[in-house]
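Visitor: Single-letter residue listing:
Protein chains: 2
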Amino acid sequence: MKKFFKIKAQDKSSKARSAILNTSHGLIKTPVFMPVGTKATVKAIDHGSLYSMGCDIILGNLYHLYLQPGIEILEEAGGLHKFMNWERSILTDSGGFQVFSLNGLRKIFDNGVQFKSVIDGSTHFFSPEGVIEFQARIGSDILMVLDECMPYTDDVIYTKNAALRTLDWAVSSLKKRDRLNIERPEAKKLKVFGIVQGGFIKDIRKFCAESISEMNFEGIAAGGLSVGESRQMTMEMLGYTSEYIDRKKPFYFMGLGDPVGIIDAIYFGVDMFDCVMPTRISRMGSAFTSAGKINIKNNKYSKDFTPLDEECGCHTCASYTKAYIKHLYKSREILASMLLSVHNLQFVIDLVKKCRKKIEEGSFCSFREEFKSKYQENHCKNS
Amino acid sequence: MKKFFKIKAQDKSSKARSAILNTSHGLIKTPVFMPVGTKATVKAIDHGSLYSMGCDIILGNLYHLYLQPGIEILEEAGGLHKFMNWERSILTDSGGFQVFSLNGLRKIFDNGVQFKSVIDGSTHFFSPEGVIEFQARIGSDILMVLDECMPYTDDVIYTKNAALRTLDWAVSSLKKRDRLNIERPEAKKLKVFGIVQGGFIKDIRKFCAESISEMNFEGIAAGGLSVGESRQMTMEMLGYTSEYIDRKKPFYFMGLGDPVGIIDAIYFGVDMFDCVMPTRISRMGSAFTSAGKINIKNNKYSKDFTPLDEECGCHTCASYTKAYIKHLYKSREILASMLLSVHNLQFVIDLVKKCRKKIEEGSFCSFREEFKSKYQENHCKNS
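In the order they appear, the protein sequences are chains X and C. For the first sequence, numbering that gives the first Met the number 0 assigns the number 0 to the initial residue and increments by one for each residue that follows. For the second sequence, numbering that gives the first Met the number 0 assigns the number 0 to the initial residue and increments by one for each residue that follows.
In case anyone wonders, no lab produced these hints; they're calculated from the structure. You may find that some hints are simply not true.
As the list makes no split between identical chains, a pair holds if one copy fits it or if it spans any two.
[Stated by the list, open to error] Below, simulated DSS-like cross-link-like pairs (lysine-lysine); rule was C-alpha separation at most 25 Å, straight line:
(1) 81 with 302
(2) 296 with 42
(3) 248 with 205
(4) 329 with 42
(5) 81 with 7
(6) 81 with 296
(7) 371 with 190
(8) 247 with 302
(9) 2 with 205
(10) 352 with 115
(11) 188 with 5
(12) 81 with 248
(13) 292 with 115
(14) 356 with 187
(15) 329 with 187
(16) 302 with 14
(17) 373 with 187
(18) 159 with 353
(19) 81 with 299
(20) 42 with 302
(21) 42 with 14
(22) 81 with 329
(23) 373 with 205
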């Protein structure tokens, strides 16, 4: 039996490391960026393109999938993988973040959260046990617990209560996982990640990090970061959190997707990332490049017959020019979103892959400095 | 020097035939369906998918390309092919249809048509000579003349005046072509198609068909059909027109793209088709199938885990189910348009390819009957 998580190389001057995740849908080399396929599709990209760009795991969102098409249809299809014909791994988020964003449309109880569907106004209830069961039924490779998500706040009482509830729910989630695992063969045992909350109060973060680490989760996620605070604060809290988690388990930063953020988080020992950013900025005409982020709407690209990034090896950069993509964007053509999404996802996937290589070669920290210096220096110039 | 158009096989019981078109960007077997890439992109499809589905020629639209990105940028890029990185053939429409659709925004003169840009309200002028020159400058493989397009009408005087103007413009277009060709090498000589107008007045149609046939065009198009009249009327006028055209030249029906329409038009000797229909209906959730057209919004597809068409060999049908595509469409995901566009274009391209094969095997007419009977019978059942 292969181990679920195996560390391969550890950087000497930072917490950065390379490792391998092993799910029933394949091996995943970490650090890894997981494109977000909220509604059973990574927006504007065909699966074939994701395979080609070396994407081994995508993220689905239980909240959205529960509402549409619904658990029953996904189960009848033979699970989420079969429903969408995705052959590699899928991590599903429990949807806590989405439910808690529904201000006025949700009500928190100690045993879960009640919310109204944004589609038809019907009332639903997510409990910690329920979301584990749903994710198990749709065949997710990595399941996330239900957690109470908060916006950025310095309210200690609110933060503490939310953190304690999240910890209670973590316990219930594990009980549910264990009950469900009894009848599952070894290869099909559920892999559940706990989530460290605790807002921006260091003592509470520390307590959460230690508590989640003591529990028998397959992995640990940092939640509630990058929710509106400064980037400096994000990294400070991430670094602090990373001091108190069990480093033998995979460490997942939920919702981080910009190149500099990723490379900094890898420095603090993060193994897994997801974010809508690479695909969302694509639909707004932006592109990551090795020289910083650009926006294709800029007039100077009208006659620029070079690729988005000369150093990029993606399908878009191999085939199309800035002038063409600018024209497509200006003409509101779907192909603009398609080509930019391919580029931006490939850019992030390649960046993370390069980090892995540099960690294994023992030169991650100098690579990080070089990348940031080139990216940020030019970023100011380009924007 | 290869001939531009070479007839390969002629059906015995109809005007249907197979042939080969030869442009500087390759050979095109006819009958052929040309996907519409109005603004230098076939909507929601990457070029690679078009190549894979056997698409050898697409259509661009001068009117749209002239306004955005503009002739200057296209020329600076090295032509439309290079601008969009399309390696196969391109036919460009002159944009007459678009300009004449701009009611209130255009004014017709004997030497051309003045119109206002829908983008910024600026005033522009298209002359028959001008549109030939523009199409030559952007490197189109097959150029269309400027013609006066009319909606469906039984007004004889209006029809006659428009037809006569279109014939005058045809003469001017040829003069322009010949002047431009003087300095072009043999392989780069412009190929210009004349357009038969004449509305729905048989005598005028006949006069136009004969007049255009007598001129030295490389091909002949039927314009002003399928503009709102009944399908019976379309086919009657097409059949009538086909009696009076020069059958040694390629015959192109502008703006026809439904399966039954195509197979009927091939019967009347049409070699080339274009239409936005296959991609437009894709963005509205519809799919051609061998058993008729279906709409994926229909509730019965929620748990239908079979492909759009069991008999179709397209990428979409090989990989995805109706239930998944319905979910994507309902979730307003771009992938729904992408997958349906691939399917519908492949369906039409394959249909035309099958017609070609049947013509060469001498069994086109029975194939036509079989196809129509299966398609229409089930069409009633499905809708």
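Visitor: To test your reading of the hints: which numbers does this structure violate?
Guide: Violated hints (numbers, rising): 5, 7, 8, 9, 10, 12, 13, 14, 15, 16, 17, 18, 21, 23; every other hint is consistent with the structure.
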